[in-house]
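Protein chains in written order, with the numbering used here: chain E, 2 to 202; chain F, 330 to 613.
Don't read these hints as lab results, they were simulated from the structure.
Positions of the beta carbon are idealized from the N, C-alpha and C atoms, including for glycine.
Mixed in with the good hints, there may be bad ones.
Claimed, not checked - Below 27 Å or equal to it, Euclidean Cα-Cα: the simulated DSSO-like pairs (lysine-lysine) are:
(1) F/Lys-524 <-> F/Lys-596
(2) F/Lys-453 <-> E/Lys-3
(3) F/Lys-457 <-> E/Lys-137
(4) E/Lys-3 <-> F/Lys-596
(5) F/Lys-453 <-> F/Lys-438
(6) E/Lys-14 <-> F/Lys-453
(7) F/Lys-454 <-> E/Lys-14
(8) E/Lys-14 <-> F/Lys-457
(9) F/Lys-478 <-> E/Lys-3
(10) F/Lys-438 <-> F/Lys-454
(11) F/Lys-596 <-> F/Lys-608
(12) F/Lys-457 <-> F/Lys-438
(13) F/Lys-478 <-> F/Lys-524
(14) E/Lys-15 <-> F/Lys-457
(15) E/Lys-15 <-> F/Lys-478
(16) E/Lys-137 <-> E/Lys-14
(17) E/Lys-3 <-> F/Lys-438
(18) F/Lys-454 <-> E/Lys-15
(19) F/Lys-454 <-> E/Lys-3
(20) F/Lys-438 <-> E/Lys-14
(21) F/Lys-478 <-> F/Lys-543
What the hints assert, rightly or not - Here are the simulated distance ranges between beta carbons:
(22) F/Lys-457 <-> E/Phe-113: 48 to 58 Å
(23) F/Glu-356 <-> E/Trp-71: 26 to 36 Å
(24) F/Phe-401 <-> E/Leu-83: 21 to 31 Å
(25) F/Glu-418 <-> E/Phe-113: 34 to 44 Å
(26) F/Lys-457 <-> E/Leu-83: 40 to 50 Å
(27) E/Ala-26 <-> F/Lys-454: 45 to 55 Å
(28) F/Pro-491 <-> E/Gly-95: 56 to 66 Å
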Amino acid sequence: MKALLRKDFYVLKKQLGFLAVAIVAFYILPNVGSNVVATLYAVMLPTSAFTYDDHSRWGELAAMMPYSTWDIVLSRYVLGWLSVLTFTAIGACGQLVLYRVLGETFRGREIFVLVCIALCLMALSLPVYFRYDVEKSRFVRLLVVMLICGTIGGVMALMGADTEESLVRAPLWVYPLIAVACNAVSVFAAMAAYRARRRKG
Amino acid sequence: MNAIELSHIQKSFGSFAIQDLTLTVPEGSICGLVGENGAGKSTTIRLLMGALPADGGTVRVLGSDVEDPAFFAVKEQVGVVLDEAYFPEVLSAAQVGRVLADTYRNWDKERYQELLRRFDLPEKKIFKEYSRGMRMKLAIAAALSHAPKLLVLDEATAGLDPIIRDEVLDLLYDFTREEDHSILISSHILSDLEKLCDTIAFLHQGRLLFCEEKDRLLEEYGIFTGTAEQAESLRREAVVGREESAYGGVRALVRRDLVPPALELEKPTVEDVILFTVKGGKRA
């Protein structure tokens, strides 16, 4: 897995540098929306890696090398987890320092919730990228995210609950719990998706 | 022990199918896999590396079943070069080396660097800026740098200039000096295979038409050149394939054991055997 992470690091090196600068800039802007943009960009790094792999057809070579399915799948998740956590930490530190100087309130809770939601979105996307090529995955991912988020919103509306209100008021421990559960299920779904793609050839 | 054993392999994709493919590559030998585009050579290579599961039959490589979890360790001993070098385009040769050093436990950094120097490949230049020949040389250098016992090469010499191709063939010869080292190589350049291989396997439309020792194959057949009348006098089953010239002459691939011993025949090339076999099949 170290080899695959190293390969992704080399491939994404330029983007990582840009993201480190951009995320601090987005995090010190005085609205939550810019934080969302920055964190979502970090979530998209694994999908950028898929784009490079598809372009070079690396997957065909990797399937013949001593990488297990577990290595191939998990390395993408580790890349996603590391990028979301590292870049959000960088942005949050930037915000903490600047807001302390300016006397503004640090948006710690919002950032924490945002990271957990971002990890859930990544968990919804990655199995799709392991199943299809990048072009098709973009479309299917959109459908999956819309379908799942729409279903959750619909069920909550039927129960008479306000989705946004519930998100804001839910106890803080609920978010990491949901993110961990989503990612655990997602890893196994991605392994099944990767095997299915390989079977199809 | 056999380096590769494919036994009654079946694999279908829509209208194309590998049908009942049985092929053996003994340890220490070099087998050339020949066939037109779409004959199933690359599919065969993917099947034997476990990159594609077969619908039926068994595949064993270096004694291990590719479906077995233990095959994962066996892959360490197999160097693979595909028809394109599929390394990410933004990586340099040095970075490819570092990635592969984390991939293969037996990675030999000195050997890799020696091969980069031998092939005149710049370490810092990114892969995107390499020519096709340079890319293939990098892939060959990578495949030879982790002490493999088996090399699987899919069109590895395509796109290389004759001098480098010759150098690569020499490297492959050197590789098989160790008695437990084997090679399976697919190529359209039949002269390369004729120089290099001990056995030739010919795939046609997903079927293995023959897999024979090269020397035996070339002794088994002969090229008949004569008039149409002379050709008609040959036994029908002796003629594998024939071509007629505009001037009434006939050139045919014949089985030596089915023609009169006194008949003068030229020695065929592997290319003759392949082309006449396909043409003969079409004619029938």
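Tested hints:
no., hint, in the structure
1, F/Lys-524 <-> F/Lys-596, "holds, 15 Å"
2, F/Lys-453 <-> E/Lys-3, "holds, 22 Å"
3, F/Lys-457 <-> E/Lys-137, "holds, 25 Å"
4, E/Lys-3 <-> F/Lys-596, "violated, 54 Å"
5, F/Lys-453 <-> F/Lys-438, "holds, 16 Å"
6, E/Lys-14 <-> F/Lys-453, "holds, 15 Å"
7, F/Lys-454 <-> E/Lys-14, "holds, 16 Å"
8, E/Lys-14 <-> F/Lys-457, "holds, 16 Å"
9, F/Lys-478 <-> E/Lys-3, "holds, 24 Å"
10, F/Lys-438 <-> F/Lys-454, "holds, 18 Å"
11, F/Lys-596 <-> F/Lys-608, "holds, 19 Å"
12, F/Lys-457 <-> F/Lys-438, "holds, 22 Å"
13, F/Lys-478 <-> F/Lys-524, "holds, 21 Å"
14, E/Lys-15 <-> F/Lys-457, "holds, 16 Å"
15, E/Lys-15 <-> F/Lys-478, "violated, 38 Å"
16, E/Lys-137 <-> E/Lys-14, "holds, 25 Å"
17, E/Lys-3 <-> F/Lys-438, "holds, 17 Å"
18, F/Lys-454 <-> E/Lys-15, "holds, 16 Å"
19, F/Lys-454 <-> E/Lys-3, "holds, 23 Å"
20, F/Lys-438 <-> E/Lys-14, "holds, 23 Å"
21, F/Lys-478 <-> F/Lys-543, "holds, 22 Å"
22, F/Lys-457 <-> E/Phe-113: 48 to 58 Å, "violated, 40 Å"
23, F/Glu-356 <-> E/Trp-71: 26 to 36 Å, "holds, 31 Å"
24, F/Phe-401 <-> E/Leu-83: 21 to 31 Å, "holds, 25 Å"
25, F/Glu-418 <-> E/Phe-113: 34 to 44 Å, "holds, 38 Å"
26, F/Lys-457 <-> E/Leu-83: 40 to 50 Å, "violated, 26 Å"
27, E/Ala-26 <-> F/Lys-454: 45 to 55 Å, "violated, 33 Å"
28, F/Pro-491 <-> E/Gly-95: 56 to 66 Å, "holds, 59 Å"
Violated hints, in rising order: 4, 15, 22, 26, 27; the structure is consistent with all others.
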